[in-house]
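S.K.: Quick mapping for you: the protein sequence lines, in order, are chains A and B. So that you can map any letter, position 273 of the first sequence is 273 in my numbering, and since no number is skipped, the others follow by simple counting. So that you can map any letter, position 152 of the second sequence is 152 in my numbering, and since no number is skipped, the others follow by simple counting.
What the hints contain is simulated information worked out from the structure, not anything from laboratory work. It is possible that part of the hints are untrue.
To be verified - Label-pair distances were calculated between CB atoms; the ranges are:
#1 A:159 to B:78: 21 to 31 Å
#2 B:42 to A:279: 36 to 46 Å
#3 A:123 to B:313: 19 to 29 Å
#4 A:130 to B:88: 56 to 66 Å
#5 B:222 to A:74: 23 to 33 Å
#6 B:207 to A:11: 24 to 34 Å
#7 A:287 to B:58: 49 to 59 Å
#8 A:203 to B:24: 48 to 58 Å
As the list claims (entries may be wrong) - Partial chain B-side listing against chain A, Cβ under 7 Å, derived:
#9 158
#10 165
#11 250
#12 259
#13 284
#14 291
#15 296
The beta-carbon is built from N, C-alpha and C at its ideal position, and this holds for glycine as well.
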Amino acid sequence: MLQYTIRRLLLIIPTMFFVALITFALAHSAPGSPFEKNINRPLPQSTIDRLNRLYNIDKPMPEQFVLFLGNAVKLDFGPSLIFDRQVVDMIGQGFPVSAQLGVQALLLSLAISLPLGVVSALKQNSAIDYGSLFFATVGYTIPSFVIAIFAIYIFAVNLRLLPIIGWGDLKHMILPTVILALGPAAVLMRITRASMLEAIRQDYVRTARSKGLREQVVIVSHVMKNAMIPVATIVGPVTAGLITGSFIIEQLFSVPGVGRLYVTSILGRDYPVIMATTLLYAFLIMIANITVDIVYGILDPRIKVGK
Amino acid sequence: MATVTTSAAQKRSIDANVLTRKQRSLWQDAWWRLRRNKAAMMGLGIIALAAFLAVFAPLIAPFDPTVQDTKVNNMDPFWVDSIYHNSRFPLGSDQLGRDILSRLIWSTRISLVVGLVPTLLVFTIGVTLGLLAGYLGGWIDNLLMRFTDIIYAFPDLLFVIIIMATLRNTWLGDIMGGLVLIFVALAVVNWVGLARLVRGQVLSLKEKEFVEAARATGVPTRRILIRHLFPNALAPVIVSLAFAIPGAMLAESVLSFIGIGIRPPTATWGVMINEGYTVFSQSPWPVLLPAICISLVMLAFTFLGDGLRDALDPRMKT
Chain A
1 MLQYTIRRLL LIIPTMFFVA LITFALAHSA PGSPFEKNIN RPLPQSTIDR LNRLYNIDKP
61 MPEQFVLFLG NAVKLDFGPS LIFDRQVVDM IGQGFPVSAQ LGVQALLLSL AISLPLGVVS
121 ALKQNSAIDY GSLFFATVGY TIPSFVIAIF AIYIFAVNLR LLPIIGWGDL KHMILPTVIL
181 ALGPAAVLMR ITRASMLEAI RQDYVRTARS KGLREQVVIV SHVMKNAMIP VATIVGPVTA
241 GLITGSFIIE QLFSVPGVGR LYVTSILGRD YPVIMATTLL YAFLIMIANI TVDIVYGILD
301 PRIKVGK
Chain B
1 MATVTTSAAQ KRSIDANVLT RKQRSLWQDA WWRLRRNKAA MMGLGIIALA AFLAVFAPLI
61 APFDPTVQDT KVNNMDPFWV DSIYHNSRFP LGSDQLGRDI LSRLIWSTRI SLVVGLVPTL
121 LVFTIGVTLG LLAGYLGGWI DNLLMRFTDI IYAFPDLLFV IIIMATLRNT WLGDIMGGLV
181 LIFVALAVVN WVGLARLVRG QVLSLKEKEF VEAARATGVP TRRILIRHLF PNALAPVIVS
241 LAFAIPGAML AESVLSFIGI GIRPPTATWG VMINEGYTVF SQSPWPVLLP AICISLVMLA
301 FTFLGDGLRD ALDPRMKT
């Protein structure tokens, strides 16, 4: 187990290297220098040369990449090309906001999906079951930005209950958190229901009932304990989805997090910010997946993760 | 005496059964199951309607989707319009005075093309490499698996966004208003998943007796791949493609919505939402109507995909 964990953690290094290489190569294949953008007020050639020297753009590509990697390891991504700030500071400011939004959404989606999934499996084909299946299909099918548009129309434009943009107090957090939570909640609910239904039909459940255990004990310690294993595995991809899904929601609701920073940097071709945010996202997703694989190995002794 | 007649009757009825029960292939069986699934057939109906609108867009759309007339902008659809009695635009007009109905119809065309073309590319690349890697193993397999590990670490949508953002202003990004670059970006990112799926199928299939028999009788590798392994691995591939098509359509909407997808003035649902969003609180319909279209098409494909999965492999039913 320990060996497996160490190997998975070490594999992060080459993967991050390739992610950096691909992003770097793509960013530098874009035509033109970032300093030639303003056509109405072109910079004098001497200034462009100086800027190119300052940002190492005059050096050959491989050398630039090595310089970039050397600095990135020290978490130094240089200054932004658009704002007069260090990239690390910008991310440092946005990250707590995004983390709060993401954690709130994850907790909310677990709080909705697990009870719904368990209840609809126990009362299969009842009104509750059909209701939550309908909710799951809608939440899983309709993209979050489309749901966001409908929600904004109903709650902000028509009923004027909630503000559309901004971040800070509870009122601002309701819409982004709920909408971000819907997709993951739908996926988790489907998985919970399916794996509960499968666990209920197992022989060990019949054995537990026939030896006279109370129904409550059977459900909680025999059915649910086993049904939660597949659910735990899906939390990893769901977390990854939350991380990448957040930038559309942050953009829509003007939440000052990393996601909005990412979209702004993409639109403004602010390459240092693009590089840093992409590496951050890739890192977070890898950590999420590794954590889940390890937890899975601990939860289910039948799985040999070391292989 | 009695026994003889019974057995004769039985024999007749067995004969009759043999005669009436036609042989059905896996595909006929699947189609029969799919047809009984109401949600899947409704999905298929919506998709058929969308395909019809897409093909005949120039004949159906009442206006040119890009012609502007600012004198008649921000018109409401007929069911809300009580002041202007706007009879020209059934679903109203956007802030540049373009007919929303026509723009919605033309968007269907772009959406379906974006759904189909990258999926065809993904199908070709993914199936070929998956078959080869799974059957031949060795260094090809190793290379594929290491490569897919890297792509897997990249969140799909982020990778597509980076490709779009960096290559938009090259010659590739200019062809057909950015459409071709979207095809390329989606294909580059999505073939990996399918290749892994096919590889997994082949790994379990190639140990089966029918493949061994084919090998033993000297069937060439190419023929084993195409005639024996491919058809047997096809069912999960079809299910995965049924979900890949709406996935690609959604990616286009998201990209166009954040402003790095299809270039305006070309009409797509994502572009329409992007353009209308700035004046959303004053005139919501230019945003709500394309949002409804996206929702309908996404629901249709999910119903069809779920139906296909249940029909092709009843064991997978959840």
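S.K.: Could you run down the list of hints and mark each one as holding or not?
M.R.: Here is how each hint holds up against the structure:
Range check, residue 159 (chain A) to residue 78 (chain B): Cβ separation about 24 Å, and the 21 to 31 Å hint holds. For the pair residue 42 (chain B) and residue 279 (chain A), the supplied restraint of 36 to 46 Å holds, since their beta-carbon distance comes to about 44 Å. Judged by the Cβ atoms, the range 19 to 29 Å given for residue 123 (chain A) and residue 313 (chain B) holds: they are separated by roughly 27 Å. Between residue 130 (chain A) and residue 88 (chain B) the CB atoms are about 43 Å apart, so this pair departs from the stated range of 56 to 66 Å.
One distance hint, 23 to 33 Å for the beta-carbon pair residue 222 (chain B) and residue 74 (chain A), is violated here, with the actual separation near 52 Å. Range check, residue 207 (chain B) to residue 11 (chain A): Cβ separation about 29 Å, and the 24 to 34 Å hint holds. Distance hint for residue 287 (chain A) and residue 58 (chain B): a CB-CB separation of about 51 Å, consistent with the stated range 49 to 59 Å. The given range of 48 to 58 Å is broken by residue 203 (chain A) and residue 24 (chain B), whose C-beta atoms sit roughly 34 Å from each other.
Nearest Cβ of chain A to the Cβ of residue 158 (chain B): about 6 Å, under the 7 Å cut. The hint holds. The closest approach between the C-beta of residue 165 (chain B) and any C-beta of chain A is roughly 4 Å, which is under the 7 Å cut-off, so the hint is satisfied. At about 5 Å, the closest approach between the beta carbon of residue 250 (chain B) and any beta carbon in chain A falls short of 7 Å, and the interface hint on this residue holds. Interface hint status for residue 259 (chain B): upheld, as the beta-carbon distance to the closest one in chain A is roughly 6 Å, under 7 Å.
Of the supplied interface hints, the one on residue 284 (chain B) holds, with its beta-carbon coming within about 5 Å of a beta-carbon of chain A, less than 7 Å. Annotation: residue 291 (chain B) was flagged as interfacial toward chain A, and the flag holds, the nearest CB pair being 5 Å apart, inside 7 Å. Taking 7 Å as the C-beta cut-off, the interface hint given for residue 296 (chain B) is violated, the closest approach to chain A being about 10 Å.
In the structure shown, a violation is registered for the earlier hints numbered 4, 5, 8, 15, in ascending order.
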